[in-house]
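Asks: Given the coordinates of chain A, work out where chain B should sit on it, guided by the hints.
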Amino acid sequence: MNGTVAAISARALLGRRRFLLLLPLPVLLVGLAALAHAAQPDPTDWGGPVLAGLGFGVVLPMIALLVGTAVLGAEIDDGTIVHLLATPVARRDIVLAKLLVAAGITAAVSAVPMYLTGLIVAGGRLGLGLALASVLGSAAYSAVFLTLSVLTRRPVLIGLLYVLIWEGLLGNLLAGSRLLSIQQYTLTIAAKAGDTTLLPDKVSLPVALVMTAVFLIGGTVLAIERLRSFRLTGETA
Amino acid sequence: MNPTLDAGPAAAPTTTANTVELRGVSRWYGNVVAVNDVTMTLRQGVTGLLGPNGAGKTTLLHMMAGFLSPSQGEVTVAGQPAWRNPEIYRTLGLVADREAVYGFLTAWQFVLASARLHKLPDPAGSARQALAQMELTDVAQRRIETFSKGMRQRTRVAAALVHQPSVLLLDEPFNGMDPRQRMHMMALLHRRAEAGATVLFSSHILAEVEQVSGTVQVIVAGRLAASGDYRSIRRLMTHRPHVFAIRSSDDRRLAVALLAEPAVAGVDVGPAGLTVRASDYGTFARALPRIALREGVRVRQVTPSDESLESVFAYLVAGPSGVAGPNGGSA
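Residue numbers (the working numbering), protein chains in the order written: chain A, 472 to 708; chain B, 2 to 332.
Since the hints were made in silico from the structure, they are not lab data.
This one's a predicted model, so the numbers in the text were calculated from it and none came from an experiment.
Some hints here could point you the wrong way.
Partial chain A-side listing against chain B, Cβ under 8 Å, derived [claimed, not checked]:
no., residue
1, 475
2, 479
3, 486
4, 549
5, 550
6, 551
7, 554
8, 555
9, 557
10, 560
11, 562
12, 699
13, 700
The beta-carbon is built from N, C-alpha and C at its ideal position, and this holds for glycine as well.
This is chain B alone, in the form it adopts within the complex:
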């Protein structure tokens, strides 16, 4: 169950056209080290770049996208250096973290401009296709400034997809999307991957990465903390106990009922309510409303008390018994 696996499926045929390689990459700003000696290879498939805010995900993505020079090490896209090389954008698409768009353009004008900037043979056809892929055809003639956050995000993705890039980098793409849009977006990323593309998206939300049946690269404090199949990393994360603070209309009754639940490791009853230690986050989260309903107890408040991502990632880095080393980077 060592999560330090190779980033891509070893047996899969790899071409350089969709490979992103980082070799010993560091980036520092003055005395602050944002990315520390990261080595990874991204190949065809969907990869999640997971880490808490400030871990260096965006810095890493910017280096992959040619928008930042590594202080040390080498970043290549399709075998070419990413930095100071606009040619990589023929194969690379980027959806950056900033939401800026040309609000005065319609979605159609914006995506069409992107197609023209990529010098595609049939800009109008490509733009139509990209808008259709993102389900924006009906609103294509509306100005982007009238769009909701999620629609703007989809418009930016459409513009980044218009040239069918074999490498697609997305920085927090699910921000501002509703669950249905997320599902749709996830399906789209998978379709791109099945068509042969290397897709990397960053996220600080574990649940988002859970839906990715690909590879996960975990970044903590600028270092590659773990990389490999998401299931093994997920297992590491779920094996840690989760602590919830719960306030209800009848704490004692709820405590007794919860103790019978296998996912609950312990319950403390205090004046401020219950403190519950759950061994499995998901099972407990599903069981609680069912139990409360059955017992006729009204749950007023549920607060995960140690769910700060930092604590989750700290646990992951330290590991229950040092399973995940501090730098489990793949070769």
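Chain A on its own, in the form it takes in the complex:
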């Protein structure tokens, strides 16, 4: 961890206009839950689609994608990363600082509306469960998207394919793909911690927790390793 790196990264992220894109999604989530609750207080019919479909299917991964790919990827794109890399700061510390900023902002922007939504749907216990799952999911997603931004020049596209195709489509069709789906881990964690049957828990809790840690740690290690071999592209002959 490096405080200077974290401070610059946070300012860069929050100062970008793209950050404003994050705000409509949580508002939509809370607003939709409030509307549905007003029309029909029993959430049996609409709770699942709102929480799983919109909350964990769209809001959390999209916020994580926007933040996680920008926190390091934007600097690689515009070349400012050189100012961090041409210093003796250990690459591990740079990645950890970036990850902390990305996961922290994603968690803050997603866990608070998730808690409010849970509160509206079924009360405080569900709210806390959703918030906890959001925080853990933020960490795992951030590690994956941050790593993508070091591995490829198109992290947003690949991240989007992972969220929409792998998690969104295949996760519902093929049981095997659920094992590598952060969305499924967050759903299970939220269902258990929030003590609700509104959410599907298709993977077991131990698998969900262990795999969340695997994505988080594996992604971080890979990102550190790739950043050690970071190449500047310039003119070619």
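Replies: Just chain B, lined up with the frame of chain A:
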């Protein structure tokens, strides 16, 4: 007058703390060879890395700065390998070619962050000093995004200098600077060198390198074409004839007057204007306005017709009589 001299003053005491060494370094991207078997040693003093665009200067600089792995050969800074070794940045400062800066920071915040990243004992003091060196103290509290190109460049140099590196690498540092800033920058590089640092800057502009009284490394098409004292290389370059196309209010009158000038080797008068062959670029460039003024001729257009750098460098590589070999690298 062989330009293939040793890169550094042979008598100067050399320590490894400021030495950059390349041994048989090549770098290729797929089938494209960007840098081809370059061997050079950089020591204390200012060295210009000269070559046309696309010659491989940036690739070479990136390898020296640890931002690119050589496909073959070895690059060391202060005796340590440059690649995958962040420790070299304790002694090395880099001003990269891309102009990216954190525009949302003030110059002060940016340079201070750099000092902190270098883990200096007194970050604020070092940042103040670096900003003062680059004459940025008065604007230090302004956000960098409000700066002109030259000011941004100076801010980046200040950030790269904040830890007083004994090796300073600058990729095209004079781009976007006005003449006064250039002079100031050049003086600064010399001061760094006098303080014991090894300073390398790349440029594709001959006139910039002319102001460097140090060593020049010339890169053409990925190879080290010549290396040595700038004067000998400069001489090679000035000895070639320069051709100018000139259009004026009275071509014939100007032609007669120009022929009397020693720096002019020949003049052709054609329907499109004059074609002048000058033996010395600088002397001719200074003489032309004086002559035109004296003769009362209005010069409408002066176009150096063979001044593409490629032709200059091609001439340098081929040499008038093979003086500069295709790979005059020093040992």
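Asks: Checked against the structure, which of the hints given earlier come out wrong?
Replies: none
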